[in-house]
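Peer 1: In case you want the letters, here they are:
Protein chains: 2
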Amino acid sequence: MTTPLDGIRVVDLTRVLSGPFCTMLLGDMGAEVIKVEPENGDPVREQGTIREGLSWYFASFNRNKKSIALDLYSEEGKEILARLIATADVLVENFRPGVLAKMGFGPERLEEINPRLVTCSVNGYGSAGPYADRPAFDFIAQAMSGFMSVNGAADQEPMRSGQPITDLVAGLYAAFGILAALRSRDLTGRGQRVESAMVNGAVSLMAYLASEFFATGRVPPRTGNDHPLVAPYGLFQASDGEVAVAPSNDVVLGRFLGALDLRDLLSDPRFDDNPKRFGRRAELKAIIDGRMRTRSQAEWIARLNAVGVPCGKVQDLAEVFADPQVRAQEMMIDVDHPGAGTVRMLGFPVKLAGTPCRVHRPAPPLGGDTGDVLRSIGLSEREIGDLEAARIVRAAAQPQGHYMPRKPEPAP
Amino acid sequence: MTTPLDGIRVVDLTRVLSGPFCTMLLGDMGAEVIKVEPENGDPVREQGTIREGLSWYFASFNRNKKSIALDLYSEEGKEILARLIATADVLVENFRPGVLAKMGFGPERLEEINPRLVTCSVNGYGSAGPYADRPAFDFIAQAMSGFMSVNGAADQEPMRSGQPITDLVAGLYAAFGILAALRSRDLTGRGQRVESAMVNGAVSLMAYLASEFFATGRVPPRTGNDHPLVAPYGLFQASDGEVAVAPSNDVVLGRFLGALDLRDLLSDPRFDDNPKRFGRRAELKAIIDGRMRTRSQAEWIARLNAVGVPCGKVQDLAEVFADPQVRAQEMMIDVDHPGAGTVRMLGFPVKLAGTPCRVHRPAPPLGGDTGDVLRSIGLSEREIGDLEAARIVRAAAQPQGHYMPRKPEPAP
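Taken in sequence, the protein lines are chains A and B.
According to UniProt numbering, the residues represented by the first sequence are 1 to 412, in order.
According to UniProt numbering, the residues represented by the second sequence are 1 to 412, in order.
Derived by calculation from the structure, the hints in this document are not laboratory data.
Since we're looking at a predicted model, the values are computed, not measured.
No false leads were slipped in.
Computed footprint of chain A on chain B; a stretch qualifies when at least three of its residues, placed anywhere within it, have a C-beta under 8 angstroms from a C-beta of chain A:
{"#": "1", "segment": "3-16"}
{"#": "2", "segment": "150-163"}
{"#": "3", "segment": "167-173"}
{"#": "4", "segment": "309-322"}
{"#": "5", "segment": "352-359"}
The beta-carbon is built from N, C-alpha and C at its ideal position, and this holds for glycine as well.
Start from the sequences and build out the full structure, keeping to the hints where you can.
Peer 2: Structural data, given as structure tokens:
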């Protein structure tokens with residue numbers, strides 16, 4: 001079956017998280033992703049839990065990619081990169097803005113090598129503006145973007161999210177922008193530069209919080225698990241645990257209180273409109289908790305969902321990946337890695353019925369595709385041998401199970 | 001200039017947030033988005049702060065769209081929808097799974113009307129599996145996906161994010177999936193179904209938290225603003241406020257302590273490796289805070305960034321939108337709304353250098369494009385008049401400034 005990105009070659013200069021997430025999304029859709037790594041490899045090869053020589057973190061973010069180990073500090077290495085770019089549709093990098101140009105691959109040079117190329121920079125703050133040169137990091141982007149200011153309890157400090165949200169959102173926007181630019185290229189014959197910055201991505205998720213700030217000038221407070229305007233809403237106490245309930249409008253509230261046999265509250269003068277309920281939140285919660293405590297979490301979740309009240313429980317990762325729905329959606333998959341066993345990883349968040357995403361190759365050993373890729377751009381076996389001897393390129397010593405960087409030998 | 005989605009017609013049956021965010025992203029890239037609304041309009045038209053008859057929340061999420069008010073409960077309304085779909089490239093909906101089929105537009109019917117159509121469902125849990133019929137809501141998806149389990153302080157309850165993160169991530173994945181499916185269609189001539197679920201999207205952002213759980217079986221704890229493994233890291237106390245600092249590896253840590261004139265700590269037997277530093281986090285933080293208090297936030301942020309230490313401050317929305325970098329990146333834009341003044345809204349998170357996103361039309365009045373859209377599918381003025389008289393379609397009473405639904409007249 002023809003995948004959506006069939007025939008698209010991506011030269012991937014990214015490492016760690018935001019960029020590799022972007023190119024993983026492209027690879028999952030069928031692009032040929034060529035990960036260009038330095039001699040020591042993407043640092044993630046050595047991060048997280050290593051099993052049978054393979055970092056499961058690396059395996060997850062680098063499925064569906066090829067690896068070529070190439071010294072980009074050398075002139076010969078740069079020449080190979082140029083030849084690779086000439087054959088590519090997309091170049092993705094997550095260096096600090098300006099670094100690629102310093103390496104000799106500024107916009108004019110890229111245009112000259114390949115006018116059809118889509119170039120994407122995934123970075124921290126964007127390449128224009130006073131902070132363009134600042135080093136970026138997810139935690140800092142969470143702080144600078146305002147994310148932390150609206151995350152956390154009202155009486156506690158601003159809170160970062162445990163998910164590396166700004167890295168991943170930037171990677172996802174980058175993948176979206178690349179597909180848009182590819183379509184543009186197909187229409188016009190010309191590639192262009194795409195840019196996705198972590199802070200911009202996180203700011204863009206401010207949604208109605210931003211609209212309200214712009215309309216009123218009031219800074220949104222942190223409200224923890226309470227709704228800033230609506231009550232009842234939040235976590236309620238069943239006999240064996242909490243249930244999250246979101247009765248976001250009067251219709252759903254009627255269903256919720258009806259299911260609890262508390263519909264009379266809606267005509268109780270203490271609670272007969274939202275401002276009153278909001279003002280007496282704690283009192284109302286106590287009444288609802290009293291009723292909720294008579295049944296289990298699972299019973300309430302079944303009952304409330306059945307009558308159309310959005311609800312659920314706070315699941316930890318063990319519960320998430322045991323959840324029958326998460327399993328039905330195949331959000332956890334097992335991938336065979338020759339030489340390193342079976343690796344469990346996250347599944348595919350976007351489902352295409354006709355051309356579903358799949359793992360067509362496991363994450364590559366460092367340099368595992370060096371020979372194949374070099375041959376694809378016309379190098380002879382002899383040239384490849386010479387480059388290896390000069391340590392400009394490296395091929396994996398063995399085709400299987402060579403995931404970690406070879407440590408440089410000590411000087412003689 | 002030819003936009004990336006030039007010539008792409010999107011029939012948009014979505015409302016509120018996840019779906020409208022998806023179609024906004026498509027409209028920003030130049031697609032023609034036709035928002036099909038019921039007589040009372042998208043509920044968001046009446047949500048948030050209303051200025052001059054216009055909800056700024058609605059204006060922000062519905063820029064670059066047309067509006068047609070159409071009664072989809074009537075046979076005539078369904079016939080018009082079918083004609084519209086026949087001319088479209090993409091159909092996006094965020095009903096509960098199965099609702100569109102019940103309306104008479106199941107997959108076979110859509111295929112029959114338009115085999116080149118890309119259909120996208122943005123939903124809560126995915127259309128297959130035991131929870132497919134459950135009503136969805138961002139807060140609940142944050143709970144069920146595990147997001148809340150890793151968000152918050154260790155000694156506090158699991159925390160939802162103030163950003164409606166699962167709605168927006170699902171909308172963004174949907175936009176990415178639609179572009180992939182359009183490319184597939186261009187290659188094969190056939191459309192297909194795309195699906196993006198809020199819970200799946202949030203699960204997919206678990207990144208290394210999921211990898212570590214899969215590799216070790218250990219459930220990741222909430223760690224608040226502390227790094228789960230590395231110290232020093234987090235918020236430190238300057239003379240006039242906190243500075244977020246992320247020294248994620250030994251090189252950056254050396255720079256950080258060097259800038260503080262505390263490099264000696266690295267050879268202090270109490271702090272000479274990360275496990276020791278992590279075990280004496282509080283003690284180490286006290287030493288660092290002592291030094292940080294000698295200068296202001298701004299001074300430290302300038303100094304540390306200059307030596308390559310990722311750092312910044314926790315900004316609230318007033319600070320974010322006053323930030324010179326956020327302004328240089330145009331993440332806040334002003335859009336003229338005829339009849340409703342100038343509306344400030346979020347800018348574009350993905351930057352395309354050649355074909356930048358722009359607002360080519362402000363959010364539409366309810367039914368503001370009914371006549372134009374109906375004429376584009378071949379209806380005559382007389383047919384349009386008859387449909388209006390029968391209240392199957394409605395056109396905006398005045399071309400400008402009619403953003404809110406007309407309340408139904410009382411029965412005679």
